[in-house]
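Chains as they are written, first to last, in this note's numbering: chain A, 1 to 507; chain B, 1 to 115.
Simulated from the structure, these hints should not be mistaken for laboratory data.
Certain hints may be false.
[Said to hold, decoys possible] One side only, chain B facing chain A, incomplete, derived with CB under 8 Å:
id : residue
1  : Val-41
2  : Leu-43
3  : Gln-76
4  : Met-89
5  : Arg-99
Just so it is clear, the structure is predicted and the values come from calculations on it, not from any experiment.
For each residue, glycine too, the CB sits at the ideal point set by N, CA and C.
Here are the chains, one letter per residue:
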Amino acid sequence: METLIKHLPMLPIAIPLLGAALALIVGEKSIVRQRTIAWICILFMLGVGVVAINHTARGYLAIYLVGNWQAPFGIALALDKLSAMMLLLTSFIAAIVLLAAQRSQLLSGTFFIPLFLLQLMGLNGAFLTADLFNLFVFFEVLLAASYGLLLQQPDQQKTNAATHYVVLNLIGSALFLIAASLLYGITGTLNMADLSVKIHALPPSSRPLAVAAGFILLTVFAIKAALLPLNFWLTGTYRAAETPISALFAIMTKVGVVAIIRALTLIYPDGTFGNVVMTKALIVIAPITMFVAACGALAARELKTLIGWSIVGSAGIIVTAAAIGNAKALSGALFYLIGSTLASACLFLLAAALDNRNTSNSVATTDHSTIWKVTGALFLICAMTLTSLPPFSGFIGKAVILAGAVQHLWPTYLTTVILVSGFMMLIAYVNIGSRLLLKRDSSVNPPAGYLPMGIAVASIVSLTLFAAPIQRFTDQTAIELRQPQIMQGNVLGKRPMDKIKKMEPAK
Amino acid sequence: MSLELLVALGIGVLTAAGVYLVLRARLFDVVLGLTLVSYAVNLFIFFMGRLAIANAPIIKSGVPHTLANYADPLPQALVLTAIVISFGMTAVLLAIAVRASAENGDDAVSNESGH
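Just chain A, with the same shape it has in the complex (with noise of 0.2 Å):
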């Protein structure tokens, strides 16, 4: 246990990639012991997100050093409030979703279990990892294995989106190496916590080149976010994948927003001359990205574009909190993320079960109506999660959000743009669900599993539920972003541990 501990950033990216490799040995012939792999790793990785949660509440932070280099030289994972936070919830709906695949055909997909695990040991690397050049290896795994993910059951459709996908994440990979070089060129570093000395102690002549090398770092994390205006991948790729894999992608997006918030707290601290032109910048950004995500949700005309387009906008609420960048705007946007992420993943798997496309098995032997009201209520829950209607999660998260909007030099704008993109958004909704579920313009499926949903909307009304103690939490994590230098501290002082036996000098 104690070894465990003391190892305990690693498991997040070792557990799955290790499930991978066993799950490629057992072959794709024994499906059945290959979901036990991965259902050994996600229960392990629950734990690790539990544990993690756990000790950093109490105000542990830990910092591991891959290799037991010293830290700005080697690659340093740090767990702190936010990573763990970020842990749970991806092992969470890593759980529905293997959950809902069992269910479909995906399994028996080619190289499903593997890809899927991959593409978790890409996302708790993102979220661990305080070395840039690191994250950039994290994106690209995580990357790679959504690039199968999306091609599982392969068609037309899903062909041409994955073409779309894979050209601009290649550009966004460049974009990223471009970034990082440029800071490494002129920091000679690339630990985040390195970074955020050192730029702010940059001679004058040099700081130009460290807010161009920002710029460019916020335009890769936004194409990942799917931030305005470059957020016209989503909804093609995400309706094209298929259902359960386009819930787990949910989250995805959110691997972007929560690296913008890691620039903006970490590596372009509040205060620094970096963090003034880039909040200017995404203040605009963001409320327009939200705006325009409620526009294409009024225009969308299937379940799957709709979803699509709320995340676009849940990512465009959450930048605008991290660009105001007080600590009650950050709580509350990190809040509002596990609600919204939780309610579209929840959703995405229900448009399965509302899709009009499979009209010859639908509506079977069950209780029809029965099957109406439970879909409906589903429906609804999530619907008024991500339209932040009061009691759900989504409406505390982006009360506290305008909270500490109103705090902010622009509060009447910021909160004219957040409250009527969400009117806008709940129109949608409404318009959406009413002609799905009142006049039955699609048919329902027979139920193959309500457990994955009824599991996260379970998660989602406890999040109401347990709001106080979930809310104080989101709280420490923002006063805790809002401090780097804890970080700066934790991850530069931590010394590598004494090496066993020293190795002779081969002569």
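Got chain A sorted already, so can you dock chain B onto it with the hints?
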């Protein structure tokens, strides 16, 4: 100075050609363009360790440990990673592009998956 200028121009020309090709509506051109862009980026990473002539990144005894006497080893390690990743991703993209062009009947970048 002239060497720096030459390197910068080389990277610039590669990027410009790459971006031009990426913006064309043919998948084959897009793949070629991305390859050119990734070459440009790899060169950019490599030269961010500064241009060092006839210096190895290996410590010699008696020579002071400053970058004036050595090549920076880290960009060399970074560029290796970047090359491997961009190579692998290009292979994936080629596979998808071949499939897409077989399904669509030609290799025009399709807008079928739209919104």
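Tested hints:
1. Interface restraint check for B/Val-41: the shortest CB-CB distance to chain A comes to about 5 Å, inside 8 Å, so the restraint holds.
2. Because the smallest distance between the Cβ of B/Leu-43 and any Cβ of chain A comes to about 10 Å, over 8 Å, the interface hint for this residue is violated.
3. Annotation: interface hint on B/Gln-76 violated; nearest CB of chain A at approximately 12 Å, more than 8 Å.
4. Given hint, B/Met-89 at the interface with chain A, holds; its Cβ is 6 Å from that chain's nearest Cβ, closer than 8 Å.
5. Taken as an interface hint, B/Arg-99 checks out: its beta carbon lies about 5 Å from the nearest beta carbon of chain A, inside 8 Å.
When held up to the earlier numbered hints, the structure conflicts with 2 and 3 and fits the remainder.
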